[in-house]
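Both chains come to you apart, so use the hints to assemble them.
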Amino acid sequence: MTNDFADAIRALPDEELGALLQLRPDLLVPMPADTYSVAARAQSKVSVARALDGLDQFTLEVLDGLRLLPTPSLSGVLALTNNHPGVKEAIARLQARFLVHGDIEDLDLVPAIEEVCSPFIAGLGHPAELLDAQVAQLMSDPAKMRRTLLSAPPQARAVLDRLAEGPPVGTASATTEAVAWLVENHLLAEVTEGMVELPRELGLLLRRDSGPLGELHPKPPKVSGVAKDQSKVDSAGAGQAMSAVQHVEAVLEALANEPAPLLRGGGMGVLPWRRLAKSAGLTEQDTALYLETAHAAGLIGELESSTDTVFIPAAGYDQWRAAPLAQRWARLANAWLAMHRQPALAGKRDEKDRPMTVLSPQLERAAAPAMRREILTELARTATAETDELIELVRWRAPRRMRGREHIYRDLLREAAVLGVTGLDSMTGYTRALLASLSSAQDDPLGLRPEADRPPEQTAAVLALAELLPAPVDHVLVQADLTVVVPGPAEPALAAELDLVAEHESGGGASVYRVTPASVRHALDTGFTALDLHNLFKRRSTTAVPQALTYLIDDVARTHGGLRSGGAGAYLRSDDEGLMAEVLADRSLADLQLRRLAPTVLITPFTPGRLLSSLREAGYAPVPEDSTGAAMLTKPRVRRAAARGALQPQLDLSFSPARVLGAVEELRRGDARLRVARRAPAEVRAAAGHPMSSLTAVQAHSQALSILQQAVRDKAKVWVGYVDAHGSAASRLVRPVSIGAGYLRAEDERTQMLHTFALHRITAAAPAE
Amino acid sequence: MTAGPLIVQSDKTLLLEVDHPDATACRMAIAPFAELERSPEHVHTYRLTPLGLWNARAAGHDAEQVVDALLRFSRYPVPHALLVDVADTMDRYGRLQLVNDPAHGLVLRGLDRAVLTEVARSKKLAGMLGAKVADELIAVHPSERGRLKQALLKLGWPAEDLAGYVDGEAHAISLHQDGWQLRSYQQQAVDSFWAGGSGVVVLPCGAGKTLVGAAAMAEASATTLILVTNTVAGRQWKRELLARTSLTEEEIGEYSGERKEIRPVTIATYQVLTTRRGGVFPHLSVFDARDWGLIIYDEVHLLPAPMFRFTADLQARRRLGLTATLVREDGKEGDVFSLIGPKRFDAPWRDIEDQGWIAPADCTEVRVTLTDEERMSYAVAEPEERYRVAATAHTKLPVVEAILARHSGDQVLVIGAYLDQLHELSDHLDVPMIHGGTTNKERERLFDAFRDGSIRTLVLSKVGNFSIDLPEATVAVQVSGTFGSRQEEAQRLGRVLRPKADGRQAHFYTVVSRDTIDTEYAAHRQRFLAEQGYAYTIIDADDVLRK
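Residue numbers (my numbering), protein chains in the order written: chain Y, 24 to 792; chain V, 861 to 1407.
So that you can see chain V by itself, here it is in the shape it has in the complex (with noise of 0.2 Å):
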């Protein structure tokens, strides 16, 4: 027995003490092919899965690596099952490869003929295998190479994808790095995600997701396609390039409801490409207009359904995501990593937090106890309409009206789900508020006048929940939200996050409704914050409203 930092445990979860002098190196050993899950303040949470298993082995990581990183820092003796499991686990990486055959093109390549017999037989790979073009080589279709990997990683069989990626039309892209520097951390996401060739980078909000975005287009050198949720965040992604790179204004277009430019850079939004007309997509050329060497994909975790299908025909290129929170209400995960690519840089918040990278947040729950009155509406409710009536209950005003006195030097923004609700608060405190239906226009006048600080305070609906770059604001008060949503939550959050110039500490506020639904939803949506080491503080509405 050593007094090592980890405690394996048999549900196959890895216990770290964060205390722990060895908790550093052990990190580092473990990190390759354990997924973190959560990183409170004391002990924070591995898990072995085989997807971590195997993106390991696909870093170059053997079973004996494995093993013996466990057994090196553990605490106690681990179990001979689990050292089986793993070794089994890793055993089946590799025993088929996609490879790009001379003579039959893309192949399925299986280096266990019982492996690849097996697969071939599967119903699930039904239409995506071709005839066999000899005894251990299948011919694949190259449209068939995302959703084929996909099906082998639900049989337990991951391929090998040797086959390369395109490289693109070339295309010169350079950083400026010119009173600033690539960040230790960023380097690193861009040099695991360019060795691993396509995958999925997790970084807090505000901590610079678009400049590994720009260091990855720079390393590529290639036309890349840029992926977004909104037209707003398109356009600070084009000032960004434009400020950060040796790219020009000629050399981006944007791609969306107002314009339809295609350039060497082109940045484009989910919204245009899954518009649907007439049972067809009429933007998807978008993907075809040039031959991309790089397609970046921005808030990965919001990326919409038909997207992933789009995404299983563009195997052959390189592919980069980019989130804060992979955390998918719809536990659709899997296929992110699936088609995008494994996970290949994680950083937990509070590390980021400690090296200044982002700032210091402070939560608070605030408890609101509702009058009879509205304790008596939500009794009656429709259980439907159960959690609007908490969410939205006017009691609520008069706090969020302290604690913006609370903060009456700061930039606020009122971030909230129900537009009544909002419109209500924005009448009441008399500041502007932005909503869907706001033109794109007035946003970014609104956006530009709150981040001069000619307005201190604005009210968001749901448009405010991402790629909103605002760094200014340091207080967010959340009114209500989109039920449990854990990922709103740390997006909320991250509005707050931008490190300010004066090292100020950042404050978010959740205002909820005591004894109701509101509680319940409130405490799931903090989970994912608490569990990156976030310790809400939960106080009463009295408390504020006493100051």
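Chain Y with its partners taken away, still in its complex shape (with noise of 0.2 Å):
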């Protein structure tokens, strides 16, 4: 059969291959080498349940019916469901995808679909032959069955419907009396310590009114509903789209200020985090979102020391900082479609119960971006539905992708709420443009259309939310209570100055200002001057400058500059003016530099060594004082290196007997690997050695994983040819249990042992003659 599937896909003409290749597009990563290693993935597990992932909940449906079926065929599924009409349609969908193949009426399903697809077909239980003996014979007597079955208590009856519907099996906790009825008449076998499961054949006769596989769901479900007024939801997106671009600024303002240390394990530790939570008056997770966002937008960078690395805003983040709001906002959407990560997890526990934090590795998930496409294509779609019935919907279009996952699309949507992606829980015209343009930009992979080479503040996306949004305004309103208030969204040369003489009250649609002596005095510090800030108000107000203002800038540049401050090396005092005046006067001191701070002190920027060996050198007599103005007095002083330790004699080289006995066994060990490799075949001795001539190594891995994959179902013997811990070569031969999770478990009969091998360790196998 293996080679069926590789021969008919080795004989699918070009398009159709090509289709196949787009549909699983996996198949082409790495770049196979020919047609017999895209057959072989395209049977891997792997890649069959990744297929599997993309298909709708009624085409899975239909597998499920064909997988019944001894002999899988389209007149056998149109049997079990009634006929209905969509099937056919479905299987096409299968075998374009080459999950099943072969002639319509007797189709082969991949092996592999078995493996990754529940036991139990249509939430149908295994046949009886497969469970009991004794509920296989009533089953194979179909009148006793009835009988059986009629003379079921009530209670009993209810268990057999509730586990006819699915799943088949049960825990015989809740019911026991009921379950022990069943059990005891053989309707219900018991498959291990208080569990239970309902046989094929009576899950059937029980799915009378629904069919054998049980409910279809040939239909997207319904979603209620009344549609909402664009322009209001337009309006609330372009609101948090704002409001989103400003918290990701104050963010990063506080992240300025306090640079977070990166942690060993990477990311950011929670402390620094909660402190920028709080610095930002946003919440934890909020601030995850946004330090992931910025950070995947190249708003946040890292900067290396000596010392340790520290997460800051990035180079380009002034830039952005400068443009308008649609634009900035553009960018952290766009950053956050394309994401590899799931911001929702910071804080969170692993599965080794380690603290996941922001910006980690941990919280790197590959699918994430699909996921975001994925439940704003279907939100686009759907202009009505509610955040459940959404999920509903992306749950029936990929079932196998939803499941477990539905906690990850909820966080997806409240992200995109946040971010302003969204407006009143539904699609924003400017998001769609957004989304648009990333879809034509993935047809247009050179940039030839005349849209690809439009610059960022022309997209459509920022031209649809430019318009929602207010324009930046360049004047205030200042008001006797020291706030300054900005209108409107202050355009970047007014942010800017403000940033500098006031203090950041509230921001959002407008922003508050005040101004303390505090801002004052830092707008003094920074250049400016009292008549510059006079003008500065004066210029920028539309109302007149309070008194009270213009008095506290006045009052403020009084004091400033009453300390003076500065460092210097050493001091040098004495109340004898005239010496002070003599030694500043003396050339040969020039080298010193030094200065006069008062009529009694001079200061150098050289250390007082320094100063007391060149005023000693000139004649002076000076003392050194110590930091509590003692005078000191100098001793000279030996200098050593750092203590050593001295040489010991020592003894001959020797080894203990234990370590002998234990060289000896790991020789013998050597050998016996030897003697088995011996007999292994000679592909799989060779590979293991070193590279074959007829097969790259990675043709021969694929090769040897079929084989395997072969041996595990047929449950036969196998040669595999490995490289074990040691990194030398090593064959064995085993019967495989399994393979899965990057690992293959075999029996080695020989030794009665499950042994365990790396996938990626194996170079070869062979079966056993």
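Calculated from the structure, these hints are not laboratory results.
Remember, predicted model here, so these are calculated numbers, not experimental data.
Take these hints with a grain of salt, some might be off.
[Said to hold, decoys possible] Distance condition first, Cα-Cα at most 20 Å in a straight line; then the derived DMTMM-like pairs of lysine to aspartate or glutamate:
#	chain 1	residue 1	chain 2	residue 2
1	V	LYS872	Y	ASP309
2	Y	LYS251	V	ASP945
3	V	LYS872	Y	GLU526
4	Y	LYS561	V	GLU901
5	Y	LYS740	Y	GLU770
6	V	LYS1192	V	ASP1206
7	Y	LYS255	V	GLU924
8	Y	LYS251	V	GLU924
9	Y	LYS255	V	ASP1206
[Stated by the list, open to error] Pairwise CB distance ranges (calculated):
#	chain 1	residue 1	chain 2	residue 2	range
10	V	ASP945	Y	ALA338	34 to 44 Å
11	V	PHE1141	Y	ALA541	41 to 51 Å
12	Y	ASP497	V	ASP1214	29 to 39 Å
13	Y	THR651	V	ARG907	46 to 56 Å
Beta carbons are placed, not taken as given, at the ideal position from N, Cα and C, and that holds for glycine.
What follows is the structure, given as structure tokens:
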């Protein structure tokens, strides 16, 4: 069958092979050498699972129908589904993906499907003969089975009905009595302690009303709700987009003030994260989202210094800050759509109970961008769906992908709302434009279409959003309580000025600043004069500048600079002003660069030692002082290096008996390995030792895997060539038990041990004759 | 994008541009749910708080109206998250109700079982809830009603109080509106108080809070307990009630340190109620002395801490709080709201001034430069002594004198906090002084002399901070204060805000020592008034002395 499959793929015309690769792009990564590799990959568990993940609920139900049939065929499934008209197309979808192949009335299923799908086909149990002999006996006598069924007490009947709906297994805790009756009468099989299973035959019988496959879902679920007013949606989204941009800025400003160190395991510590959230006035969850998004947008970088590495706003941040709001948002939104990260995980603990931190590798999720696009596309398609209905829709489109991930989709929707990608939980017009431009960019990899080289401020999304956002303003309202109100988003130059002279109090559609003595002092420190400040407020204010502000500026300016400070290496003081003047004028001391601070104090940038020795050389008699001003006496000190240990005589080279015994045992084991390896077939040995001439290593590996998978199914013995943990080649005759999660588990009949081989260490495999 | 007057900030403040043509309409629309935080000349700031939103729910507004008002008047797009938050917050109100059950008495009813279970398990409610009498009913002892409401508010699940009020003992009271009328804002304040049942009315000093109280009594027509800060204020209430209502001398009792009368209308002081003897409060029986139908708390911002506890037991009676400034330096505004009731009425001072009901005031901060000697003693003073040293500098003396000279024809109050300084001023200026030690009789005599103009200047200690009706005072000079107390500043300004017969302007001076902690405290003290739109002019002492 394996060869049939490979032949069928090889025989495909170019466009059909292309279509297959389009539907299952993972077959092309990494680039396969030939169609043989494509066929091997297309049958591998991982690839089959991936292909199934992309199928909708109905197609999977039809696939279950095929699995249920002894000879899978279109007519067989039609019989099971009461001739549902959609079946043929569903089978065509499966065929196009090469999950089934062959004649439509005699289909072959790729064997890996059985491994990656639930063993309970369509929610039905195993056939009775696989479960229990007595149950099988009852099932083989339909009349008796019916009689037993009719005699079941109502409670037991309810248990049966529930199991018939699927899943067909249950634990016997809650309804022990009823279950005990059913097991006693062989209507249920006890598979393990306390666990019962409904045999397939009985399940089919009980499903008389709904059909053997249970209820079918040929159409996506219906959504209720009324369409929201698009202008309201856009407005709410734009408001949110604006505050998201401002919040990102607030977080990054806080980060600039207090750079957060990079942890050794990657990411930002919990404490700096909380501190950022607090100083930006946001929840930790939102702060994590903003940090991740800003990092993805290239606004946060890592700065290495000799002592540590810190997260700090990156060089592009200042340009971003000066750009118009809509453009700034677009950069964030694009980054969010593209980032392979799941910010909602931050602060939770991973499976090893380690805390997951913001910006750490633990938040990496490769599937995130696809999931974002998936749910946004669905949202764009249905204008009216509520969140729950939306999740159901996505679940119908790809039920396998949704399994266990519902909360991730909910997190994504929440993030979209926080960032203003959506508004009132609906798709905004500008995000629609953003998504459209992304998909058109995918069709146009060379950038040939005119919209491809539009500058960032001209893209459809930015234009649409800019339309909704307030225009920047360049004036302020100054009030007597010393607040300064910018009635709209401040123009970058104005914002920069206000940041210097006032404290930011509140942001949003407008900004409120407060002028305080400290902020005026800060402005004076950065080089403003009182006159500059008066002019600044006069120029920017549309209303009269209140007297209190004018007075405040003058008052702070009056005392500004009343104290001066600076650094010096050493000082020289004396009560004798004449002596100080003499020292200052002494040419031989010019090297010391003495400066007079007061008639009795001189300073020098050099150390006290140098000052002392120079003074002594010039014939003065200075005395050093300690920090309290007391004179210090100097004693000569002898310099020594750090202490070292002395050399000890060594005994002769020898080993303990235990160590020698260990070495011998290791040697014997090596011999045994060699003997076993000698018995292995040539291709396994050769592959283990050195590259073979006919097959490349990659080909040999994929061939080995398909041989092993076949052997698991056939329960056959194989020779496995592998490289052990010490790097030496070995081979072993084993009976594979399972393959999964990167490991092959196999039984060595000779030693009766279960071995686990890492798949990447396996170099070759050959069936044992 | 509309051109509305309102800007919604992401920190849930609302900026209202006052000069915008739609500003008035907008204020009417947002006032029910947003709290006015400050109202300087151009842009007023309102804040959306859970408390404000719940009060709006209690007054019958729903989230849709709130969201609609925001969207209608907002100049810029309103963030989605804020709208969601408003709806979520308002949705929390009323999931729990306090009702009178015919079978079980006062019960807490949960319309949402999960919420009821959540609060029932909360440790913060331990001891307040009784037995579970039905699936969605938990018994509550009537004495716990106030505390329970307070605790539920803190848990974020405010209960809707449907248990109602006792009517109390009926007693006919009516207003004598001859030659005067209730002002429109006073009527509004009474109406919204009465509609809400209990609550706080915030009006500037001099805007006639006593009349709001009198009108509320007329509305209730029941026996009333009035709680005031001191005896003098109590007598002022009495005078006012006699003049403006049908009440007679015999119907009004005084319960103070001097007299212990219980009458249909009883005026008691906080001080006497909170007097403790041997660990018990002997005068608490006043609360039970009659079946009061209404309790009025005057100057509710000064409500002493023990009163909170007593008030918690009075939740079945109607309560009216009156104040000019609900800023408490101890941050207990929330307790006032939950025990007395939410803010039912609030008006910016400048609005009342524009309508002519309080005198326009001109605020001036005079900065004096300390002499070198004073600077030295300030510099070496212990940290806890620094404010006193700076505030009581002798340099202030000639400045006060110069200000008095400027206003030689006016009635002037000189107000301070430190007795030494005040004695010195009183001696230096040769004017009488009233302080805590002055007897009530002497106080009344001096106040009367001041009212009729035979004394033109009075020096007041902290006793002058509140509840003294001196309509003729037009100038106040503040020489020192209780550190950075904002409400004290507002109350002191309030002393000169009563409208003058000739429409004269009031003047408020505060004399401050430059480059000391005095300046810092002054800046803090002025914040409330600056936020109410009073612009301080700062001048140098030399400018005053030169003229």
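Hints, one by one, checked against the model:
no., hint, in the structure
1, V/LYS872 with Y/ASP309, "holds, 17 Å"
2, Y/LYS251 with V/ASP945, "holds, 19 Å"
3, V/LYS872 with Y/GLU526, "holds, 18 Å"
4, Y/LYS561 with V/GLU901, "holds, 17 Å"
5, Y/LYS740 with Y/GLU770, "holds, 9 Å"
6, V/LYS1192 with V/ASP1206, "holds, 18 Å"
7, Y/LYS255 with V/GLU924, "holds, 14 Å"
8, Y/LYS251 with V/GLU924, "holds, 15 Å"
9, Y/LYS255 with V/ASP1206, "violated, 33 Å"
10, V/ASP945 with Y/ALA338: 34 to 44 Å, "holds, 36 Å"
11, V/PHE1141 with Y/ALA541: 41 to 51 Å, "holds, 46 Å"
12, Y/ASP497 with V/ASP1214: 29 to 39 Å, "holds, 31 Å"
13, Y/THR651 with V/ARG907: 46 to 56 Å, "holds, 54 Å"
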